[in-house]
Amino acid sequence: MILQALQELFTPLSLLAIFIGTTSGVIVGGMPGLTATMAVALLIPITFALEPLTGLLLMGGVYCGAMYGGSIPAILLRTPGTPAAVATAMEGYPMTQSGRGGLALKVSVVASFTGGIFSAFVLLLIAPILATFALTFGPPEYFLLAILGLAGIVSMADDENRLVKALISGLIGLILAVVGTDPMSGMLRYTMGLTDLFDGVAFMPALIGMFSISQMLELTGAESIVADTSKITRIKSEPLPKGIFKPIGLGSLVGTIVGILPGEGATIAAFLSYNIARRRSKNPKLYGKGNPEGIAAAEAGNNGCVGGSLVPTLTLGIPGNSVAAALLGGLLIHGLIPGPELFTKYGVMTYAFILSLFIANLVFLVLGLFMAPYFARIALTPIALLIPVVCLFSVLGSYAMNNSVLDIFVALICGFVAILLQKTGFSLGALILGLILGPIAETGFAQALIMGHGSYAIFFDRPQAIALWVIILLLLVPPVYQIYKRQRAATTTGTTPENSMDE
Amino acid sequence: MTKRLAEFFILSLFLVLAVLLYGSTASYPASVQGSTAMYVRFLGMALGLLCALELLLWVKNRARAKTEKMQLAVAPVKFWGLLILLVVYACSLPLAGFYLASAIFLPLTMLLLGSRKPLSISLTTAGVLLFVFLVFVKLLEVPLPEGSLF
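Line by line, the protein sequences give chains H and B.
Per this note's numbering, the first sequence runs over residues 1 to 503.
Per this note's numbering, the second sequence runs over residues 1 to 150.
For the record, the hints were derived by calculation from the structure and aren't laboratory data.
Being a predicted model, the structure only gives us computed values, none of them experimental.
Among these hints, one or two may not hold up.
Across the chosen pairs, the derived CB separations fall in these ranges [stated by the list, open to error]: (1) 9/B - 332/H: 49 to 55 Å; (2) 104/B - 380/H: 26 to 32 Å; (3) 114/B - 469/H: 53 to 59 Å; (4) 329/H - 26/B: 52 to 58 Å.
Reference listing, derived: stretches of chain H covered by chain B, where coverage requires no fewer than 3 residues with Cβ under 8 Å from a Cβ of chain B [what the hints assert, rightly or not]: (5) 12 to 20; (6) 387 to 393; (7) 419 to 428.
Where is the CB? At the ideal position from N, CA and C, for every residue including glycine.
In isolation and in its complexed conformation, chain B is listed as follows (with noise of 0.2 Å):
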């Protein structure tokens, strides 16, 4: 996808939120509707003039623009991977708990960006989670999340 084909989707979108923005205010109280509705329903058409107006200049400047891909990563299978171990460990931390999911997260994470040494990531992860222990934990009491399995 070029980067110009981006900006024209996520523009639309944005164009389509302003008017279900400016639409959803009808159903606000009418004790609100000459203050925070007023507020909501500018927000609304301030967005969707100002996105109309980009689209416009988006359509003005299409012959002369660079058809320029949009290059999300550069190195794609980190980048993605890093995301899904991500959102697996944010997944897990309410199953599984917060040092344990920790505990796995680190090393993959490490391996996956490509540390080799066992003994490097065994101990950044050892150290990372004594350091969220002593100081989060005991130090400031920092409730973490806590694991419905274990």
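One chain only, chain H, in its complex shape (with noise of 0.2 Å):
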């Protein structure tokens, strides 16, 4: 069957279809406010006219495309493409004011490859076993595990004053997540009689705001983008770091693994693995700084997302996340129905799109090693064009999204107060953390608690929840311990936590 399936995807129509769809997703994936969900969802009824499978080697295409995509902005211009990027622009954008962008560019363009690599063959060995105990999670596993994500605030803090702010950061993500209709009851929260925010704060004009359009603002005080001009033309000779796969194998698994749970997207998996990443490096000063492990694991985490949500996708019809979602609506309206026969009566086409995704991804690789050092180069613009023109499409990208003025305004707000937030010290990514984990966390703690008639017992009568646990409290204790330690030591030797740190 793989061998018809492999006859099926190397006709000149089935390739073409990959190329295009993967150049089109890097393109949608690198303009904010476009998002892999609507780039598959617009494609549905240009497939209509297409056979099946071309239609599905397209979608897919866009998926791996577009998850690759959101890396460059956010890289180059600290705005990222989509959600799943922010986790890249913490460590990319630094690294291009250093004049490194070129590399960052290429450390992202591998991680992905090699993450998105990873979960098609995940996708394609071991499908429906995994697909069934993704099925054993519950309520309180999920509130368990959007806990987890947020266990990186932790990670975010440097000593014990920052700790605090960085968890009233995370709060205040958590507490703006809460605008919007109740879950449970359906009740209308501090919406202020907006009809815009029944549906919430939507996050991507926010996350638009925090780091895109607060970073042009600090840009009106800079000459450019790049402190020293001269280090762009060095792009191309510069290696990978040594010690880079490792982060890149981590974040890959772990992306695999959220992407298999149904609802879970990459922006959880690329936080999540870069938390870890994070925890796991001998440098953990260096983040937040321009540590190319930092983009390696996000980026092997977004992208191991990809193969990781087709497998509950394919196997049993529930999507591992919204693009998944607006893929299977792909695969319904040709008459594929997810489950078994997805694999026996219609394997050559399914055989064909899984492995039409290790082309897609071989397709932005060589884009994105050849096109990178050209990419780099948008840091040269002068200021005073770029930042209108990027200013610009933050606008149309905070607009596009739900159709909404008022999700301007949400971003100008945002960009405005995240300058405010971190001239004082707060953490925005653990703001942005908590507004994102926040609708899982509290549609999880809720059902559970329902689940549970109220006990809070039912978040720790489970082996899958006593094994989060354990995991939240391993990614804890440690930060904890070593923010601990060196507040004793500033104490001892009379010094502040912050100055401790600098020596």
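Since each chain comes alone in its own frame, lean on the hints to assemble the complex.
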């Protein structure tokens, strides 16, 4: 069957579909506000006129390309093309500022490729087994998974003072996520009568505001993004940093696992991979200042999500995330019902689709490696031209998500507030993490309490939940201990923790 | 204003938010008092406690604190100018529509930020608007803000 699938795949039309899909995906993913979900959903009507396989290949290519494409503006302009690229922006942009944007792009494309290939292998080999495991997760486990993601907030803090501020930032994010409709009763909360807020504060405009608009406002006082522009010309010769494949491997694994869990998205995968890589790194202090390891883990994580999210989609008809849901719509329209039949009766088409993901990853790898030096030259654009254009796309991106003018104001307010918070030592990363994970945490928490008749024991009485608690503790204890140790050392020597860190 | 004072104001604001949030859960329906209301109460309580702790640390470290000035922008005219232009741009979108509003916003911002070459300003503005038209409107069929005046 796989040989037949390969035959179907290696036809000029199929290869062209993959190429066009992937390239369009990179472009769509690279534009703030245009997400992979939107691109796949827009493609569905187009695929009506095509053969089912060609349509699927096109959609698969867009999915893979968009997941990578989001990292390009995140690295070069601190404007995440997709929410999943926020963690990449946190490390990639400082690298661009120091003239190493080309290397950051190279690391990003290699990590995205590895994560994508790994997850496609998992999808090809053990999809049905993993899908069954994912189904054992219930609301308590989803709540704990959100807590696992939020544990990253602790890692974003350097000392006791920053820890409290990072936690406050995370809580503000969680509180912002409460705005909208109550998931249990359908009651409207804190919407101030604005219909655009009924679905909550859209996180893409918030992201664009906090990362892109705030950065453009900051850049008004600079001459150029890069301090030393001569470094841009040295991009081609810089090799991949040593030891980069460790965070890539870690990100690929975490991304695939998170992707398999229904409803969990690439954003969580990227943040979780980033956080774990940071915890395991020999140089955690370099994180946030332009560490390629962070880009590697985050990008491998969000691309690992692609294959992972297709596991429950193809085997059980439960989409792993919103893009997979759009893709599922495409499958159903062509009469392909997820389940065992997809791997038997329609096996040739299904395997051809899975195998096409390998080619799509290869397409964006070549595209990314070849184009990285040219992309990086964006950093040389004069600020007076760059800022207005990025601001325009930020406004457009904020509007395009829900066709809402209110979202533009959300982005502008978030941009200004982000500068205030950053200047006073609060953590934007933690705030975003809270905003993204808030709905999952709230729904999981509320549903679990209803299931457990109000008893908190439900969060501890299943092996999956216990395993998640252990992982949470493993992630929390070392950073908290480190902060305590630093605080004690600082008290003994009579310096402030910040000074002792500098020393 | 010093950075420390700004910190104090922000923390006080968050503290008030925490109290209001906690109090607001009383108006939640009885059916969710044990679920989502509980969650929101927890958030309010946690935020309140952390803000109080941070304020305590603020008072404790007051003696050795640096009186560093809070500098929002390196170039205040450009910073505030851009912010005002962005707000005006956002307000004008539903009235003038995307193309007209953008055709004014882009050159004005470029001028504000120091660009003085009419050719590059015109070409960049035209190029960006053409790109948006071809990719967003024609290719992806993304709806753009439409003006109510024209």
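Hints versus structure:
no.	hint	result
1	9/B - 332/H: 49 to 55 Å	holds, 53 Å
2	104/B - 380/H: 26 to 32 Å	holds, 27 Å
3	114/B - 469/H: 53 to 59 Å	holds, 55 Å
4	329/H - 26/B: 52 to 58 Å	violated, 42 Å
5	12 to 20	violated (count 0)
6	387 to 393	holds (count 5)
7	419 to 428	holds (count 7)
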